[in-house]
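Under the numbering used here, the first residue of the sequence shown carries the number 25, and numbering increases by one thereafter.
These are computed hints drawn from the structure, not numbers from a lab. Treat the hints loosely; a few may be bogus.
Derived pair list, reagent style DSS-like, types lysine-lysine, alpha-carbon separation capped at 25 Å [unchecked claim]:
#	residue 1	residue 2
1	K71	K61
2	K84	K103
3	K120	K75
4	K84	K61
5	K120	K84
6	K84	K71
Derived DEER-like restraints, expressed as beta-carbon distance ranges [as the list claims (entries may be wrong)]:
#	residue 1	residue 2	range
7	D82	R28	30 to 36 Å
8	A66	E40	17 to 23 Å
9	E40	N73	33 to 39 Å
10	D77	K120	28 to 34 Å
11	S112	R28	17 to 23 Å
12	N73	L115	19 to 25 Å
13	K120	P80	20 to 26 Å
14	L115	D79	33 to 39 Å
15	D77	R37	25 to 31 Å
16	K61	I101	16 to 22 Å
17	E102	L30	17 to 23 Å
18	K75	E40	27 to 33 Å
C-beta atoms are modelled at their ideal positions from N, C-alpha and C, and glycine is treated no differently.
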Amino acid sequence: MTIRPLGDKIVIRVIEDAEQTSGGIFIPDSAKEKSQKGEVIAVGEGKINEKGDRDPMDVKVGEIVLFAKYAGTDVKIEKQDLKIMSVSDVLGVIEK
25 MTIRPLGDKI
35 VIRVIEDAEQ
45 TSGGIFIPDS
55 AKEKSQKGEV
65 IAVGEGKINE
75 KGDRDPMDVK
85 VGEIVLFAKY
95 AGTDVKIEKQ
105 DLKIMSVSDV
115 LGVIEK
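Please put together the full structure from these sequences, using the hints given.
Given below as structure tokens:
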């Protein structure tokens, strides 16, 4: 099953942070913060502006992005934790 986002929406597969610190201490689920990092797996066509043209999207499929802490809608499809959000909720792209 695939999701095709509409307009300026994107679909992100959430990347969970490590459950163990560099010193070897395991972090329990209750102490973990929500991850704010994910891989873009689908991108909409872009928002339609006042002129009737589509604005280009700032992200591409495959990029790793940082997003706002409470951004988007959480969905679970085929045992994958995904988020659907507006591209405006993306704070930046992680470049290697």
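Hints, one by one, checked against the model:
1. K71 <-> K61: holds (23 Å)
2. K84 <-> K103: This hinted pair holds, its Cα atoms lying about 23 Å apart.
3. K120 <-> K75: violated (36 Å)
4. K84 <-> K61: It holds: about 15 Å lies between the C-alpha atoms, which stays within 25 Å.
5. K120 <-> K84: holds (15 Å)
6. K84 <-> K71: holds (15 Å)
7. D82 <-> R28: 30 to 36 Å: With a Cβ separation near 19 Å, D82 and R28 fall outside 30 to 36 Å, so the hint is violated.
8. A66 <-> E40: 17 to 23 Å: holds (20 Å)
9. E40 <-> N73: 33 to 39 Å: holds (36 Å)
10. D77 <-> K120: 28 to 34 Å: holds (32 Å)
11. S112 <-> R28: 17 to 23 Å: Cβ of S112 to Cβ of R28: about 19 Å, so the range 17 to 23 Å holds.
12. N73 <-> L115: 19 to 25 Å: holds (23 Å)
13. K120 <-> P80: 20 to 26 Å: holds (23 Å)
14. L115 <-> D79: 33 to 39 Å: violated (19 Å)
15. D77 <-> R37: 25 to 31 Å: With a Cβ separation near 30 Å, D77 and R37 satisfy 25 to 31 Å, so the hint holds.
16. K61 <-> I101: 16 to 22 Å: holds (19 Å)
17. E102 <-> L30: 17 to 23 Å: holds (20 Å)
18. K75 <-> E40: 27 to 33 Å: Taking Cβ atoms as reference, K75 and E40 lie about 41 Å apart, which means the hint is violated.
Against the hints set out earlier in the document, violations occur for numbers 3, 7, 14, 18.
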